[in-house]
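Protein chains: 4
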Amino acid sequence: MKGKTVSVIGAGSCPPEVSARAERLGRLIAESGLDLVCGGLGGVMEAASRGAKAAGGRTLGILPGLDKRAANPFIDSAVVTGLGHMRNFLVIANGDAVIALEGGNGTLSEIGLALKSGKFVVAVGAWSGLPGVTPATGPEEAVDKIKQFLSNAG
Amino acid sequence: MKGKTVSVIGAGSCPPEVSARAERLGRLIAESGLDLVCGGLGGVMEAASRGAKAAGGRTLGILPGLDKRAANPFIDSAVVTGLGHMRNFLVIANGDAVIALEGGNGTLSEIGLALKSGKFVVAVGAWSGLPGVTPATGPEEAVDKIKQFLSNAG
Amino acid sequence: MKGKTVSVIGAGSCPPEVSARAERLGRLIAESGLDLVCGGLGGVMEAASRGAKAAGGRTLGILPGLDKRAANPFIDSAVVTGLGHMRNFLVIANGDAVIALEGGNGTLSEIGLALKSGKFVVAVGAWSGLPGVTPATGPEEAVDKIKQFLSNAG
Amino acid sequence: MKGKTVSVIGAGSCPPEVSARAERLGRLIAESGLDLVCGGLGGVMEAASRGAKAAGGRTLGILPGLDKRAANPFIDSAVVTGLGHMRNFLVIANGDAVIALEGGNGTLSEIGLALKSGKFVVAVGAWSGLPGVTPATGPEEAVDKIKQFLSNAG
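Residue numbers (my numbering), protein chains in the order written: chain A, 1 to 154; chain B, 1001 to 1154; chain C, 2001 to 2154; chain D, 3001 to 3154.
Everything labelled a hint here was simulated from the structure, so no lab data went into it. No experiment lies behind these values; they were computed from the predicted model shown. Don't take every hint at face value.
The list that follows gives simulated cross-link-like pairs (lysine-lysine, DSBU-like), each with its CA atoms no further than 35 Å apart [claimed, not checked]:
1. A:K145 to B:K1116
2. D:K3053 to C:K2004
3. D:K3053 to A:K116
4. B:K1147 to B:K1068
5. D:K3147 to B:K1119
6. C:K2116 to C:K2145
7. C:K2053 to C:K2147
8. A:K68 to C:K2145
9. C:K2004 to B:K1068
10. C:K2004 to D:K3116
11. A:K68 to A:K147
12. B:K1116 to D:K3068
13. D:K3145 to B:K1004
14. D:K3147 to B:K1147
15. D:K3053 to B:K1004
16. C:K2119 to B:K1116
17. C:K2116 to C:K2068
18. B:K1119 to B:K1147
19. C:K2053 to C:K2119
20. C:K2147 to A:K68
21. C:K2116 to D:K3119
22. D:K3147 to C:K2145
23. C:K2004 to C:K2147
24. A:K119 to C:K2147
25. A:K119 to C:K2053
26. C:K2068 to A:K116
27. C:K2068 to C:K2004
28. A:K4 to B:K1116
29. A:K119 to C:K2068
30. B:K1053 to D:K3068
31. D:K3068 to B:K1004
32. C:K2068 to D:K3053
33. B:K1116 to B:K1068
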């Protein structure tokens, strides 16, 4: 990706309500002119990618395995890694900022790596109370805070 | 390592009080006949390694960079990786169980990876309230819980 | 990438004559409807990317470091890795087939990884005599052989 | 490892004649006071490890997978990585010098990585004719050349 990029992290499977928020999140990211990076699989990753594509955005999916057909259908560029859980680091490293939407322990590891790498991290739901994380009440506030951060970062 | 192994994770620099607890932790691990794996650098990693060596234990240090001279002097086997923060995953993957002693965001990422990988994680201090983590009040209780887990795990 | 993809490997700096062949190679790849993956830096990687873009193709660059600005200007999607030399494996893993154009020891390591992974490898120049590699006299023959292989592979 | 270390690379399965040379190679490495690093599996790796242990040496095995029980029985310290073929890089990175004994494409990739990383590489058999590689007629000459190199390197 060459424009500003946001990593979206969250669970690989999720209930419809989280999926709906993820899709809205993806749409808002694309409408803000930002590219979306994610882990390329299902759940929050797929819903956010679907939202981004619906708004004409660009999506990059960084996969844990070596078969690019594992990517969800809304990924423009699927990158295979064979790194398993370590690919979480690449999802983070390829974003100029990070939004976590709910999520479990994989998401937690990504938040830790992001904070350790000095990234700006906004969380909606599950991990929004962690020290160092900027909380947001929903996709709208999350993207607003990301845009504000990126415009300040130049 | 060929025996049972405990990953010790925590900050790369720490106040004397944390260092004292880390050294006691390392000593208890070695006295329990367990090998110690860590990130090989300073702070909690160094103090725990010093404790383990003082009790005749074995230590494996998995380094982020490519120069093995970066290992603290209490590491028997230093392994260089060039993986940067991604080496955190190898620290976790090489333990049969994990003890976190205080620590910041790097430690948080390791806890997330450990839980995601299905590892048993005991935490003293900072991260002991995370869901999925077994809390301990200090090194003694932490090692007791690890020994109990490993004996049940066969 | 979602279409068929060719990894182009070769030296990070090269004389004008090699650069001209690399550019022709990139152009032929794009004209064949194939996406190009490379290491994203200079030399053969940059010239091939320039050729691909001149013919309206798509380019993915997998970088050794963590700064996407290191990508050459003809990369559509730059992926940072922080993996150093290990990123060579990702360059190979992301291609459905591989073309090596001249190159030194980095290229040699990529050819070894590609053959080990069961990839079809065509080499022009330097490494065309290695066992398991399909030799080609120049970009035209290399792309012809790749197209023939990919159409047989279904 | 803390002493000087030699990476031994070669095929994961090999005929008895190659195995015998690998064992002799491991023995000579240990008798020279050097530690042995390898990929931890069978074939040349196992035979060289057996030779090193028979002579009282130390062995480090860096495994492609996540199960340390995959290590051959002559490995003192088994390190799991989950890196697949990428673990080849760690085998190379952890040696102060490299000896290749026969071997196929995996070995070729390791030689390429070693030369790219500026390592001193001695090869017996298969790859001894590659540019940049120091050829040796057998284990004795290989270890002599390594010792000479390491003593010059200080």
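Here's how the hints hold up against the structure:
1. A:K145 to B:K1116: Judged against 35 Å, a Cα distance of about 29 Å means the pair holds.
2. D:K3053 to C:K2004: Status violated; Cα separation ~48 Å.
3. D:K3053 to A:K116: violated (41 Å)
4. B:K1147 to B:K1068: At roughly 31 Å apart (the allowed maximum being 35 Å), K1068 (chain B) and K1147 (chain B) satisfy the hint.
5. D:K3147 to B:K1119: violated (42 Å)
6. C:K2116 to C:K2145: holds (20 Å)
7. C:K2053 to C:K2147: holds (19 Å)
8. A:K68 to C:K2145: Distance ~23 Å between K68 (chain A) and K2145 (chain C) Cα, so the pair holds.
9. C:K2004 to B:K1068: violated (41 Å)
10. C:K2004 to D:K3116: holds (29 Å)
11. A:K68 to A:K147: holds (31 Å)
12. B:K1116 to D:K3068: This hinted pair holds, its Cα atoms lying about 19 Å apart.
13. D:K3145 to B:K1004: violated (38 Å)
14. D:K3147 to B:K1147: violated (44 Å)
15. D:K3053 to B:K1004: holds (21 Å)
16. C:K2119 to B:K1116: holds (32 Å)
17. C:K2116 to C:K2068: At roughly 29 Å apart (the allowed maximum being 35 Å), K2068 (chain C) and K2116 (chain C) satisfy the hint.
18. B:K1119 to B:K1147: Holds - the C-alpha atoms of K1147 (chain B) and K1119 (chain B) are around 14 Å apart, at most 35 Å.
19. C:K2053 to C:K2119: holds (25 Å)
20. C:K2147 to A:K68: holds (20 Å)
21. C:K2116 to D:K3119: Answer holds: K2116 (chain C) to K3119 (chain D) is near 22 Å, not above 35 Å.
22. D:K3147 to C:K2145: violated (46 Å)
23. C:K2004 to C:K2147: With Cα atoms ~10 Å apart, K2004 (chain C) and K2147 (chain C) stay inside 35 Å; holds.
24. A:K119 to C:K2147: violated (42 Å)
25. A:K119 to C:K2053: Holds, because 32 Å separates the two Cα atoms, which is no more than 35 Å.
26. C:K2068 to A:K116: At roughly 19 Å apart (the allowed maximum being 35 Å), K116 (chain A) and K2068 (chain C) satisfy the hint.
27. C:K2068 to C:K2004: Answer holds: K2068 (chain C) to K2004 (chain C) is near 24 Å, not above 35 Å.
28. A:K4 to B:K1116: With Cα atoms ~29 Å apart, K4 (chain A) and K1116 (chain B) stay inside 35 Å; holds.
29. A:K119 to C:K2068: holds (15 Å)
30. B:K1053 to D:K3068: With a Cα-Cα distance of about 23 Å, the restraint between K1053 (chain B) and K3068 (chain D) holds, given a limit of 35 Å.
31. D:K3068 to B:K1004: holds (11 Å)
32. C:K2068 to D:K3053: violated (46 Å)
33. B:K1116 to B:K1068: holds (29 Å)
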